Every structure is written in structure tokens, then in C-alpha cells.
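Please construct the entire structure, taking both the sequences and the accompanying hints into account.
So the protein sequences, as listed, match chains A, B, C and D.
Read in the UniProt record's numbering, the first sequence has 55 at position 55, and its numbers run on one by one without any break.
Read in the UniProt record's numbering, the second sequence has 261 at position 261, and its numbers run on one by one without any break.
Read in the UniProt record's numbering, the third sequence has 98 at position 98, and its numbers run on one by one without any break.
Read in the UniProt record's numbering, the fourth sequence has 89 at position 89, and its numbers run on one by one without any break.
Please note that the accuracy of each hint is not assured.
For chains that are exact copies, the list does not tell them apart, and a pair is met inside one copy or across any two.
Below, a list of computed lysine-lysine pairs in the PhoX-like style, where the Cα atoms sit at most 20 Å apart [stated by the list, open to error]: (1) 248 with 163; (2) 267 with 52; (3) 186 with 139; (4) 248 with 303.
No lab work stands behind these hints: they were computed from the structure.
If you're wondering where the values come from, they're calculated on a predicted model, not measured in any experiment.
Protein chains: 4
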Amino acid sequence: MIKVGIVGGTGYTGVELLRILSTHPEVELTAITSRKEDGLPVADMYPSLRGKVGIAFSSPDKAKLTDCDVVFFATPHGVAMAQAPELLAAGVKVIDLAADFRLQDVAQFEKWYGIPHTCQDVLKEAVYGLPELNRDAIKTARVIGNPGCYPTTMQLGFAPLLKAGVIDAGSLIADCKSGVSGAGRKAEIGILFSEASDTFKAYGVSGHRHTPETTEQLQRLTAEPVELLFTPHLVPMIRGMHSTLYAKLKTDISNEALQALFEDAYKDEEFVDVMPFGSHPETRSTRASNMLRLALHRPGNGKTLVILVVQDNLVKGASGQAVQCMNLMFGLAENTGLQHVPVMP
Amino acid sequence: MIKVGIVGGTGYTGVELLRILSTHPEVELTAITSRKEDGLPVADMYPSLRGKVGIAFSSPDKAKLTDCDVVFFATPHGVAMAQAPELLAAGVKVIDLAADFRLQDVAQFEKWYGIPHTCQDVLKEAVYGLPELNRDAIKTARVIGNPGCYPTTMQLGFAPLLKAGVIDAGSLIADCKSGVSGAGRKAEIGILFSEASDTFKAYGVSGHRHTPETTEQLQRLTAEPVELLFTPHLVPMIRGMHSTLYAKLKTDISNEALQALFEDAYKDEEFVDVMPFGSHPETRSTRASNMLRLALHRPGNGKTLVILVVQDNLVKGASGQAVQCMNLMFGLAENTGLQHVPVMP
Amino acid sequence: MIKVGIVGGTGYTGVELLRILSTHPEVELTAITSRKEDGLPVADMYPSLRGKVGIAFSSPDKAKLTDCDVVFFATPHGVAMAQAPELLAAGVKVIDLAADFRLQDVAQFEKWYGIPHTCQDVLKEAVYGLPELNRDAIKTARVIGNPGCYPTTMQLGFAPLLKAGVIDAGSLIADCKSGVSGAGRKAEIGILFSEASDTFKAYGVSGHRHTPETTEQLQRLTAEPVELLFTPHLVPMIRGMHSTLYAKLKTDISNEALQALFEDAYKDEEFVDVMPFGSHPETRSTRASNMLRLALHRPGNGKTLVILVVQDNLVKGASGQAVQCMNLMFGLAENTGLQHVPVMP
Amino acid sequence: MIKVGIVGGTGYTGVELLRILSTHPEVELTAITSRKEDGLPVADMYPSLRGKVGIAFSSPDKAKLTDCDVVFFATPHGVAMAQAPELLAAGVKVIDLAADFRLQDVAQFEKWYGIPHTCQDVLKEAVYGLPELNRDAIKTARVIGNPGCYPTTMQLGFAPLLKAGVIDAGSLIADCKSGVSGAGRKAEIGILFSEASDTFKAYGVSGHRHTPETTEQLQRLTAEPVELLFTPHLVPMIRGMHSTLYAKLKTDISNEALQALFEDAYKDEEFVDVMPFGSHPETRSTRASNMLRLALHRPGNGKTLVILVVQDNLVKGASGQAVQCMNLMFGLAENTGLQHVPVMP
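Here you go:
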């Protein structure tokens with residue numbers, strides 16, 4: 001059994017880790033920290049876990065995280081980099097669901113997150129945790145920077161095209177839409193029910209942290225300079241993410257060949273579902289599961305390819321992907337504990 | 001492996017059966033019928049099941065239901081009673097999620113459902129499928145009338161009190177609220193998104209089919225005549241049911257004793273969670289799981305006890321309960337394939 | 001033109017006052033205070049008011065409230081009582097949308113609101129602002145305690161029955177459901193979109209402030225001791241309130257006579273709509289309007305009468321009702337500025 | 001008073017016309033037709049209109065539409081073209097909210113709507129009813145083709161840029177999102193609450209009717225060939241439309257100059273609100289009003305301009321715009337009866 005610790009288990013990615021790990025057959029949940037909730041049984045905060053999770057939150061000083069085999073950070077940016085060195089020194093693997101170990105470009109990190117990066121040694125060995133594009137490195141990693149939710153959809157949607165060199169890397173557009181849980185479990189006016197339901201809006205249009213993360217990763221797939229325009233929107237739904245990707249084709253290529261490109265790229269991937277050409281995937285078809293689904297469209301048979309990508313932002317976009325990485329790091333079957341059937345309706 | 005057939009798999013209780021059964025370790029999904037969708041792979045209608053359910057719908061005449069060990073009817077009222085005799089003769093067990101085998105009082109059935117009961121022989125041996133109140137009979141049953149969603153909450157909420165004789169059976173009030181999926185997957189104006197969201201209403205207040213069903217069952221628990229006033233409402237949410245039950249205490253009894261009554265009644269029940277006195281259970285704490293949670297209140301320490309009961313109407317209120325019955329009928333552990341952790345948020 | 005001031009205009013009842021008053025033909029919006037937002041144009045916080053409301057928030061010390069004819073308090077409990085004496089001394093009328101002037105029983109006020117009542121002289125002359133039951137007193141009032149949202153529905157639903165003496169005043173039950181905007185515009189976890197959507201729960205079941213307020217008012221209508229059991233619930237919708245009221249009939253009375261009782265009681269009331277016997281009013285049929293609709297049911301033709309009452313909690317349940325009072329206090333037609341057609345769908 | 005008839009008043013654009021017209025000071029509602037609902041008081045179908053609209057539906061043969069001054073068609077495509085000639089001959093003006101008189105290119109109409117255009121004479125004189133771009137022609141029109149909801153946002157968002165010649169007309173992208181009411185009030189599975197809430201999807205990505213309509217109109221603004229890629233999505237909200245428009249700048253132009261372009265274009269428009277550069281308009285800021293709001297963004301100060309446009313799809317996107325046209329056609333102030341303050345929250 002893998003002994004697992006969670007730092008910061010009171011937010012949505014934390015409770016989603018608990019939901020997944022509580023039925024993972026190879027995991028023993030050892031410690032979960034919260035400064036504020038020390039001593040509170042986890043199931044008192046989250047009644048959905050009554051009878052499923054027996055442990056209590058403990059304050060960081062009491063939790064014996066160094067006895068764990070792996071520690072997940074479901075914390076604000078900056079926490080993992082402060083604690084990782086000690087854990088690594090004790091032989092504990094680290095999976096950070098925040099941004100501390102996502103961006104190798106430290107200047108970009110500091111620009112977008114507004115804090116200095118205090119742990120650049122560890123950053124150098126950190127592995128970007130997107131298994132479909134980075135599986136081998138994840139298997140041997142000690143530190144994982146788990147991808148952002150939006151970046152996961154953008155990368156898996158553009159990757160086969162960039163690798164094959166069939167699109168113009170310099171004019172990518174990603175018009176993305178996320179459920180409100182992506183904003184976290186924070187007491188903020190803007191995400192109140194009465195503010196965020198029965199309405200729709202864009203945010204961060206002039207610039208968003210997920211642009212440099214995605215660009216850095218996409219650039220690894222092509223020699224051409226990548227230019228990405230990313231527009232996030234807030235959808236009045238709890239979970240779910242839908243990315244509508246636009247790419248200019250630069251070669252003469254048939255729809256069949258494009259479809260084959262994606263089917264080949266993901267033919268061995270259990271968590272990426274390439275739907276028939278012209279499908280319209282719905283976010284709910286992935287709800288509460290680790291599936292990502294995508295489909296291609298070519299309106300008017302023109303030069304622009306549209307790729308529709310959906311996932312559950314809290315699972316494949318966060319906690320499920322983190323567990324997928326953990327499985328790889330510990331030599332388990334990649335789908336262990338991740339075979340939930342999406343909840344529909 | 002239990003060979004399972006489903007009649008009428010295109011509605012919400014049908015697709016929920018598929019979600020649950022597709023990961024049930026002792027079940028082989030053998031046949032699923034739909035007159036209209038003959039030949040269509042199930043996963044084409046429900047993309048959430050892509051990669052999880054491989055079979056296609058077949059028309060009733062082609063489906064070899066008599067080769068199954070058990071057949072679930074997720075159909076409109078009246079279908080199961082037409083097909084049950086042939087299946088039973090072939091040694092197939094029958095679990096009906098509609099009302100054909102719920103009411104032993106045929107006159108009540110015919111009054112409320114508006115069709116003649118054509119299968120009264122089978123009805124006589126049919127067992128009401130509420131395991132917590134009827135477990136032994138279910139174990140040996142050949143035919144199950146699976147309880148309605150509202151009746152499940154009302155019975156499990158009132159039962160310990162009626163059995164103990166501490167409330168006035170003649171003045172029960174149940175003010176109940178259901179998510180919209182309870183109305184089924186039918187093309188009707190009233191349950192369109194634009195009609196049923198951002199609004200709230202009662203329906204069927206002057207009379208509803210679930211009153212006679214619940215009364216008949218509650219009457220088995222007490223010699224006093226049961227009088228139940230049941231008011232259903234429609235909530236703008238997909239899944240979930242919340243019943244607010246009012247009962248007049250007729251004896252002098254402490255809150256501690258009342259709480260103990262419930263804790264004793266359900267101490268061995270995995271799917272009934274008695275929360276601390278004064279709790280406010282939320283429907284989402286049961287979402288996509290077979291859990292039912294309840295809590296007691298006694299406002300102003302007066303003579304009226306309020307019992308709050310929540311469940312997922314499609315799981316404990318329908319398909320999960322049906323699988324729970326199947327497990328009992330086939331000698332499996334009652335929780336086999338039913339250990340989903342509720343999805344929250 | 002009536003010069004109007006608003007204290008605390010950043011919450012939902014404040015912005016709803018602004019929506020209504022900005023098109024009220026007899027009103028000039030003079031001042032709106034907010035300590036935190038001093039100098040901010042109102043329309044910058046509420047873009048829905050761009051081009052409709054030109055003034056800016058000003059801090060309480062700068063706002064010349066004593067120059068107004070009337071001041072509305074859309075503030076937390078306790079604010080109005082601190083400022084009312086000075087305004088009244090200056091000849092300004094006061095309408096408080098919070099609880100400071102609702103309860104004549106000071107002990108009850110202090111018990112339920114947890115603050116001392118510091119303004120009992122003013123309280124004595126304060127008038128409870130429910131026009132349908134208290135019109136004459138409102139016309140000559142200097143201070144109005146505007147009713148709570150739930151109490152409005154309970155009073156207008158029970159009043160004709162209590163006045164006529166046909167129900168048992170000692171066993172009233174009110175099972176009430178409110179949209180989330182009723183909880184206000186506060187940064188609290190519990191009313192986040194991801195916490196309050198796609199779920200349903202009760203709250204405050206063991207005791208709620210609106211019970212003593214409603215009981216005090218209902219008691220004015222009957223010599224029998226009133227006992228009220230009130231259970232509030234939170235509905236995943238923005239606006240709207242639905243109260244399901246249960247009353248025991250103590251006399252032999254026909255449904256026609258009961259219906260006539262209500263039609264007579266409200267025949268001259270523009271804002272109370274008595275629907276046909278057996279109707280199921282929906283909250284959305286009152287959305288964004290000052291209408292309250294109700295309908296009677298008598299399940300099984302028994303001894304319990306069910307009254308269904310709906311309103312928009314922010315309009316008839318708060319700001320609309322306050323403007324209705326203002327119209328009466330200034331001798332205007334009662335419906336001035338309040339003739340919005342409900343927004344449907 | 002203008003005598004108004006409505007054909008097909010049972011859908012959402014019909015009931016929205018009723019909401020608006022019932023308080024329009026210059027309108028007398030004369031007739032409203034529905035084959036199915038002949039004799040039914042309008043307020044029985046739409047309780048929101050109780051006390052506001054007194055007339056009943058009448059079957060088309062009984063309704064004296066030729067006595068009206070103007071008739072609105074809130075019907076499926078094809079109805080208006082069948083009835084317009086007779087009405088015009090009788091001197092009645094016609095405003096069609098469907099597509100019969102939107103597209104001058106008959107071949108395109110027949111391709112996308114799948115029916116022959118049987119009324120091409122009338123089509124020739126029909127005027128496209130977008131007042132901000134076509135006001136003078138509307139004033140003297142006898143027949144109006146009221147714009148589609150999506151096309152309204154796309155045209156008002158792209159128009160100032162195309163007129164000024166600062167963007168590449170050949171690579172326009174419009175990623176648009178609509179509330180579910182845009183799909184109409186039809187009994188269809190896909191728009192049930194349980195299918196369309198808590199999820200998000202695109203539809204019609206390979207081709208949609210609003211592309212040729214929008215292209216035809218935009219082409220009138222520029223000599224360059226217009227190429228538009230339009231991707232519609234369904235948002236789990238009732239009302240509201242958000243269009244995210246992408247345009248490639250082809251000249252060196254400052255953000256200030258771009259903003260000025262829009263402010264100049266719409267400086268006299270009461271229903272178009274140009275928000276400050278970099279704003280994020282929300283659909284709810286226009287809810288139940290005839291306002292359209294837009295804002296400009298230039299991510300990374302690059303070559304692509306992003307224009308965010310919001311409106312209420314049923315008002316500025318349909319019935320409000322139709323009334324705006326009517327006001328122009330009858331010489332009234334353009335905003336008569338259209339001054340609703342958006343409902344927020």
C-alpha cells in the first residue's frame with residue numbers, strides 16, 4: 001500500500017483527491033493537513049465522505065508527512081515549493097496540483113504568479129505531469145508539476161497537429177469555458193450562486209497564467225514559434241471544461257487523414273476518447289471521471305480546423321490526472337482507481 | 001456471473017442501471033431492449049458510456065431475455081406486468097422499477113395508474129423491494145416491485161417512529177422536493193430547461209400516486225390507521241430528493257431517545273446514515289451514490305418532530321436500490337457494486 | 001418629486017431598490033451611502049444600471065440624508081435603529097428593510113438578533129409595513145419596519161383563514177423555500193455557486209428569526225394562541241420564494257367557501273393574485289415583479305388545507321414592498337413604479 | 001394607438017413580445033393567434049401575464065389580422081411568407097421574427113432552411129431590421145426581417161471595424177454562446193433540464209444558418225470578401241448571449257483609436273453600450289432589457305482584437321429589437337416601451 005499525504009485538503013481539488021483515493025485499492029490515506037481545521041474529521045466538513053474517509057485534518061506541524069510515500073499539494077501557489085525540499089530529502093515523492101513546478105521558465109512564473117520562485121533546484125528536476133505527452137519522464141520523477149486544467153485540454157487538442165506539422169503554430173486560438181468549481185472554494189463575491197448562475201462572461205481576456213504554461217509545453221512539440229491566444233470564460237455549471245480550439249491548416253490534408261492523426265496519437269490512451277469526426281462532445285459525458293473527449297470539425301471544408309475538447313476540470317483537469325501520475329510513479333497500472341463511469345444525467 | 005437484461009434502457013433509470021452495472025463485478029450485461037433504437041450501440045446514445053458499455057440496443061423480439069438470470073424493467077407502468085409471466089416461467093427473476101408490483105391493493109393501483117392490473121397472480125408473490133424494511137422477503141423473491149423514489153424517503157424516515165409507537169400515525173405530513181430527473185427523459189414542455197430552471201413549484205398537491213404506495217407500506221408497521229399528507233415539489237437540480245417529514249409525538253420522549261431509536265434501527269445499514277441530531281443534510285452529499293441520509297429536529301422542543309431525509313432519486317430512489325435487491329436475491333454481499341463515493345461538489 | 005436616500009446600497013435589496021426607483025416617476029434618487037465604496041459610481045459596481053443610475057456611492061458622513069424626504073435602510077440589522085432618530089428629527093421618513101422595527105416584542109428581538117435594541121421609543125411608533133394587512137397605519141407612519149420575505153408569504157397565506165376563524169391557530173406549519181439571493185450578497189462559502197447549485201437543503205430548522213416576527217403579526221388577527229412551525233429551505237435559483245402552508249380546518253366548510261374567503265380578502269389588492277382552486281403557482285410567474293400569487297388545495301378532501309404562496313423574495317419580499325409602503329406614505333397611487341410584468345422565461 | 005397582432009404567441013419570442021407590448025404606451029394588443037390554443041386566455045398559459053394581458057388566443061381564421069396596423073410573426077420559418085402578401089395588401093405592416101425575410105440570397109435561404117421561398121416579391125422590398133446599421137430603411141419599410149440573435153451580436157461587434165477597414169475581413173471568427181431559451185419552447189429531449197443543465201457543448205459547428213445571414217449583412221459594410229467562421233454553443237442559462245469575436249488587425253492602430261472607433265459608432269445609440277477597454281461584460285447585465293453591451297481586448301498587445309458582446313437573446317436578440325423596429329416604422333421615439341432596467345441578480 002502506498003502511504004499518501006495531502007496538504008491542503010479543504011478545497012475542491014483536495015476533496016476530489018479524497019473521493020478518488022478513498023476507493024483506490026493500492027492507497028492508504030495517512031495524513032491530511034489543514035492549519036485551520038486541525039482535529040476536525042474530514043467527513044464533518046464533507047458529509048459526502050461520511051463512512052468513506054475516517055481520518056481527521058491535522059495541523060501541518062503534527063502531520064507526519066515525511067512518513068508518507070507521496071504527498072499531494074492541493075494548496076495555493078507557493079506552498080509546495082516551500083515544503084518540497086524537506087519531503088524529497090526524506091524520500092517522499094511530491095505531486096503539486098498548483099503551479100510551483102509547472103513552468104520551467106522562472107521569469108514567466110514570477111511574472112504571472114507574483115511571487116519569487118524559491119526552489120529552483122527542485123524545479124529543474126520537476127516533471128510536467130501530462131501522461132499522454134510525458135509518460136516516461138513521469139515514471140521516474142520525484143516531483144510532478146500537475147498541469148493546469150485549461151492547459152490539459154489545449155495540449156491534448158493541439159498536440160497531434162503540431163507534431164505532424166500540419167497547422168500554423170503561430171496563430172492558435174483557444175476559446176475555453178470552465179465550470180465554476182475551477183475558481184476554487186474561496187469566499188468571494190464573484191463566484192456566489194447569485195452572481196455566477198444564469199449568466200455567462202469571459203475573464204482574464206487580456207492575459208492569463210495558463211497561456212505561458214501551455215505555450216511552453218506546446219513549444220516542445222514543434223520547432224516553429226508557437227503563438228497562442230487563450231480566452232477563458234465562466235460557465236454556470238459546477239464541473240466541466242469545454243475548449244474550442246482553432247488552428248489554421250497549412251497543408252492540403254483530408255479530413256480522414258486529420259481524424260487518423262488523432263486516432264493514432266491516442267489509440268493506446270484509456271483516458272483520451274477521439275470521437276467520430278463532426279461530433280459535439282458535452283462536458284457532462286466526462287462528469288466525475290478521468291476521461292477527456294475530443295472531436296474535429298472543418299466548417300465549410302475550409303482552412304481552419306476546429307477541435308472541441310471536454311473534460312471534468314476537477315478530475316482529468318486536476319486530481320484525477322494527479323492520481324494518474326502517481327500510478328505511473330509507483331509502477332501501478334495507469335488506470336488503477338480511476339475507472340469511474342461518468343455520471344449522466 | 002449473473003446474466004442481466006434491461007428492458008427499456010433509454011430513460012434515466014435505465015442509463016443509471018447501466019452506469020452501476022457496468023462496473024458491478026458479478027454482472028454480465030446480456031441484453032438491453034429498445035423498440036425504437038434497435039441496433040444502436042448504447043454508447044452512441046449515451047457518450048458517457050463510451051468504452052464502458054459495449055452492447056447495442058435490440059428490439060424486444062430479438063433480445064433473448066429468457067436466457068438472463070434477472071431482468072430489470074426500466075419502463076413505463078404496465079410493461080413489466082405484460083412480460084413478467086413468460087420470464088418467470090423461464091426461471092428468470094424480475095425487478096420492476098415502475099409501479100406494476102408495488103401496490104398489493106389492486107383497486108388503488110387501477111385508480112392511480114389508470115390501467116387494469118393484468119397480472120394479479122404474479123402481484124401476489126411480488127415483494128416490495130425496500131431492503132431496510134423487507135430484507136428477508138427480498139432474498140427469496142422471484143419478483144420485486146422496486147419502491148418509488150419519494151416512498152423510499154418517507155418510509156425510512158417514519159418507520160422507526162411508527163414501529164416504536166411514539167408518533168400519531170394519523171397526522172403524518174411529508175413535504176418532499178425532487179430534482180427534475182425524477183420526471184424522466186420525456187419530451188415534455190414542462191421539464192424543459194427554460195421552464196424548470198430558476199423556478200420552484202409544487203405539483204400533484206391534490207393527490208399523487210406515491211401516497212397510496214407509502215400508506216400501504218407504512219400501515220404494515222403499525223396497528224393504528226395511517227393518514228399521510230404528501231406534497232411533492234420540483235427543484236431546479238438534476239438529481240436529488242429532500243423530504244421534510246412532520247410527525248406529532250404522542251408520548252413524552254427525549255431527543256436523545258428519539259435519536260437512539262433511529263441509530264438502533266439503522267445501525268447495520270450501510271446505505272442509511274443517521275446524522276447527528278439537528279443536522280441539515282444536503283442532497284448533494286448523496287449524489288450518484290446509494291446513500292440515504294437523515295437527521296432529526298425538534299423545533300422549540302415542542303410536540304412536532306421534523307425528520308429531514310435526502311437521497312439521490314436515481315440511485316437509492318431507483319436504480320441503486322434495484323441493484324441492492326438483486327444482490328440480495330443472488331446471495332451477494334448487499335453492497336456489491338454499490339460503493340460509489342458521492343460526487344461533491 | 002420625492003427625494004430618496006438609500007443607506008447600504010451594495011447588497012441585493014439595495015440594488016433592487018435602485019432598479020425599481022430608477023424608473024419610478026415620482027422619485028429623485030438623491031443619495032446612496034456605502035462606507036467602503038465612497039466615490040464609486042453605482043453603475044461601476046452594477047453594470048446593469050449603466051445609463052440608468054447616474055449617482056455615486058458616498059460615505060455616510062458626506063451623504064446629506066437629512067435633506068431627503070425618505071431614507072431606505074438596506075443594511076444589516078442594527079444600522080437603522082442607530083440612525084433613525086436623527087433622520088426623524090429632521091423630518092425624514094424611514095423605511096428599514098432589516099429587522100430593527102419589525103418586532104414590537106423587544107425581548108424576542110434581542111434573543112433572535114443578538115443585539116440590544118437601542119431605539120425603543122422609535123420602535124413604539126414604528127409600523128409593520130405589510131400594506132395588505134396594515135394599510136391605514138402605513139399611510140400615516142414615519143417609520144416602517146419592512147416585513148421579512150418569508151413572513152410576507154406566511155401572513156398573506158394564513159390571514160384570511162385566521163380572521164375567519166376556520167383553522168386551528170395552534171398547529172400551523174409553514175414549509176418554505178427560498179432562492180439564494182435571500183441570503184444576501186456576502187462572501188460566504190455556503191452560498192458559492194459550487195456549494196449551492198444542483199443541491200437542496202433545509203436550514204435553521206430548529207429555530208429561525210422569522211418565526212417570532214410572523215407569530216407576532218398573526219397573533220393580531222386572532223384571539224386564539226398562534227403556534228407556528230416554520231421550516232426554511234434553500235433552492236438553487238436566484239430569486240423566488242415558495243411557501244407551502246398547512247392548516248387544520250376546525251369547521252365544516254366547503255372548498256368554494258374557502259376560495260371565496262381568499263377572493264374577498266384580496267379582491268382590491270393589485271399585488272395579491274388568488275389563483276383558481278387547485279392551481280400550482282410557480283415562483284417564476286412573479287420574477288422581478290411585486291406580485292404574490294397563491295392557490296388553495298385540499299388533498300383527499302380532508303381536514304388539512306394546503307396553501308401555496310409564491311413571490312419574488314427581492315421584490316414583494318423586500319424592495320418592492322418597501323416602495324409600496326413609500327407610495328402609501330406619500331399619498332401616491334400604491335402601484336406607482338411597481339407595474340413590472342414578471343420576466344418569463 | 002397602434003393596433004398590434006401577433007401570429008404564434010405561444011413560444012418564447014411570442015411571450016416576450018407580450019411582456020414588452022403589454023406596457024408599451026402606444027400599443028393596443030388586438031389579436032394573438034394560435035391554432036392549437038384557440039379560446040384559451042393568454043394568461044392561462046402564461047400566469048406571469050395574469051392581470052397584464054386580457055386577451056385570448058384565437059385560431060388564425062378567426063383573428064382579424066387585417067384590421068391591425070402591424071403584425072408580428074413569432075412563428076417557425078415559412079409562416080410569415082405565406083401570410084405576408086395578404087396583410088400587406090390590406091395595408092398592414094409585417095415584422096417577421098423568423099428567417100423568411102432576412103436573407104436576400106434566395107439560394108442561401110433555400111439551402112439552409114430547406115424550404116422553397118414562395119414570396120420573393122415581398123422579400124425584395126423587405127428590410128433587415130437592425131436599427132443601428134439600417135435605421136433609415138426601417139423607418140419606411142412595410143416588411144421587416146428581424147435579425148437572428150447571434151447575427152445581431154456579430155454585426156454590432158464587427159461593424160465599426162469593417163467600416164473603418166482596419167481588420168482582415170477574410171478571417172473573422174465568432175465563438176458564440178447562447179442561453180437555452182434560444183432553442184425555443186419545443187418538446188425536445190436535447191433541451192430538457194436534465195440534459196441541458198450542468199453541462200456545456202457546441203452545436204452546429206460544421207455549419208449554421210446564421211453564418212450566411214451574418215455574412216450577407218457584413219458584406220454590405222466592406223468591399224473585401226468577408227469570411228466568417230461561426231461556432232455556436234449552448235450555455236446552461238435561460239436567457240443571455242455572449243459572443244467572443246476575433247479579428248486580425250491589418251493596420252497599425254492604437255487601442256485608444258480602436259476604442260474611439262466604437263464609441264463614435266455608437267455614441268447616439270441608446271441600446272448599445274460601449275464599455276471601457278478591457279471590460280468583461282456579463283450577459284446578466286442585459287437580462288430582460290434591450291441593451292447590448294460590448295468591450296474590446298487586445299491580448300498581449302498583439303495583432304488580434306477580441307470583442308466581447310452580450311445581450312439578452314430574447315430582447316435585443318429578438319422581441320425587443322422587433323419592437324424597436326416597430327417604433328421606427330410608426331414614427332415613435334425609438335425607445336418607447338423599451339426602457340426596462342436589466343434584472344440583476
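Verification of the hints:
1. 248 with 163: Cα proximity of residue 248 and residue 163: one copy only (14 Å, versus 26 Å across).
2. 267 with 52: The answer is between: 16 Å across copies meets 20 Å, while 35 Å in one copy does not.
3. 186 with 139: Classified as neither; 34 Å inside a copy, 45 Å across copies.
4. 248 with 303: Classified as both; 6 Å inside a copy, 16 Å across copies.
When the structure is compared with the earlier hints, a violation turns up for hint 3 alone.
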